[in-house]
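Protein chains: 4
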Amino acid sequence: MESKYDACIEACYACAAECNRCATACLREDDVKMMARCIALDIDCAEICALAAAVMARGGEQVSALCRVCAEICEACGEECGRHQHDHCQRCAEACRRCARACRDMVAGA
Amino acid sequence: MESKYDACIEACYACAAECNRCATACLREDDVKMMARCIALDIDCAEICALAAAVMARGGEQVSALCRVCAEICEACGEECGRHQHDHCQRCAEACRRCARACRDMVAGA
Amino acid sequence: MESKYDACIEACYACAAECNRCATACLREDDVKMMARCIALDIDCAEICALAAAVMARGGEQVSALCRVCAEICEACGEECGRHQHDHCQRCAEACRRCARACRDMVAGA
Amino acid sequence: MESKYDACIEACYACAAECNRCATACLREDDVKMMARCIALDIDCAEICALAAAVMARGGEQVSALCRVCAEICEACGEECGRHQHDHCQRCAEACRRCARACRDMVAGA
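Residue numbers (the working numbering), protein chains in the order written: chain A, 1 to 110; chain B, 1001 to 1110; chain C, 2001 to 2110; chain D, 3001 to 3110.
None of these hints come from the bench; they were simulated from the model. Just so it is clear, the structure is predicted and the values come from calculations on it, not from any experiment.
The list that follows gives simulated cross-link-like pairs (lysine to aspartate or glutamate, EDC-like), each with its CA atoms no further than 16 Å apart:
#, chain 1, residue 1, chain 2, residue 2
1, D, K3033, A, D30
2, B, K1004, B, D1105
3, C, K2004, C, E2061
4, B, K1033, C, D2031
5, A, K33, D, E3029
6, B, K1033, C, E2029
7, D, K3033, A, D31
8, C, K2033, B, E1029
9, D, K3033, A, E29
10, C, K2004, C, D2105
11, A, K4, A, D105
12, A, K33, D, D3030
13, A, K33, D, D3031
14, C, K2033, B, D1030
15, B, K1004, B, E1061
16, B, K1033, C, D2030
17, D, K3004, D, D3105
18, D, K3004, D, E3061
Start from the sequences and build out the full structure, keeping to the hints where you can.
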């Protein structure tokens, strides 16, 4: 029934998982001080993506407003992660960019 | 340190608790069919309020955008709950209105 | 790095999505009163699955305890959903059972 | 109606807020590497406390199992935070201990 949201839900959950993995991996890096903003954005991004996915799956009334915020945090997190060479950051950056696109597409088509 | 958000965090958590209480109480009403939109809004509102509180407590970069969405869902949920005479709906409507105001104030002052 | 959790994370997110879809679909059924426990379990199950997935992705210290609770709610929700003939309930029941197994396997292998 | 959970809900939300504040403050410390476990526990604790509060407010069937896990993460987080002299860690440790006690009381009385 909510099938028009399925691709975006999947992208949100994939992004949430990568952000959470990246946060923990960043905390284990030697240069953790350099990763502080990355960690902070990872956690916010993971929580917002999971919420957006839940509200989309329920077909909630605020899906568009929420996916707009989700796209913003994904873009900020993807940009920050993209600056670091760690594999986990690069994987996370890619998941963030993909999720931002899915959220923008979802808002445009909603 | 994040003291400027404290009143809004408190209003968000109070609203989340009332929304969750209201959802369960609605599910136990005889006229549950009439309460369907109320239940759906309660759950979305509770989850968005809890997320907004978490991001505010962390001083996250998307606080304003998120509190704007939070105010919108609180206003929608407060309006719907306000239509029903059940005590739990009236209590929830009041918590929603108070949280919406706190979020609007927070965005204006951020 | 947390690859041993990947299958369980995927099952948790799939279950969360089905539970949230089922909750909304139940609220739109004519016999919504009969679906009240299903709706309540759906929401709890969706939130617990999403949390378990987040903590697993971060490799958190409480993963086993949390996946044990997750398996319990999935079993309760799957059993309740399995009693209803609606397609969304049957799909949700299947996702719950799969997630319960993934959580039990994860705890056994952790 | 769920009044027997009210004290525990309040303690959970207070703990979630302190954990989230502590996580951000830790990320801004010079000795952030020393704070890595504290940050990781703060985030898990904040998310589990918020979930426990939501499930309690809904009077969910898994409240006891969830509050048991919540007490465990609060005790681990409170112990770790208690080792650090930063004000935010000491405040967080106190909120964690109080929440752990509230969860243990709630489980004993449920």
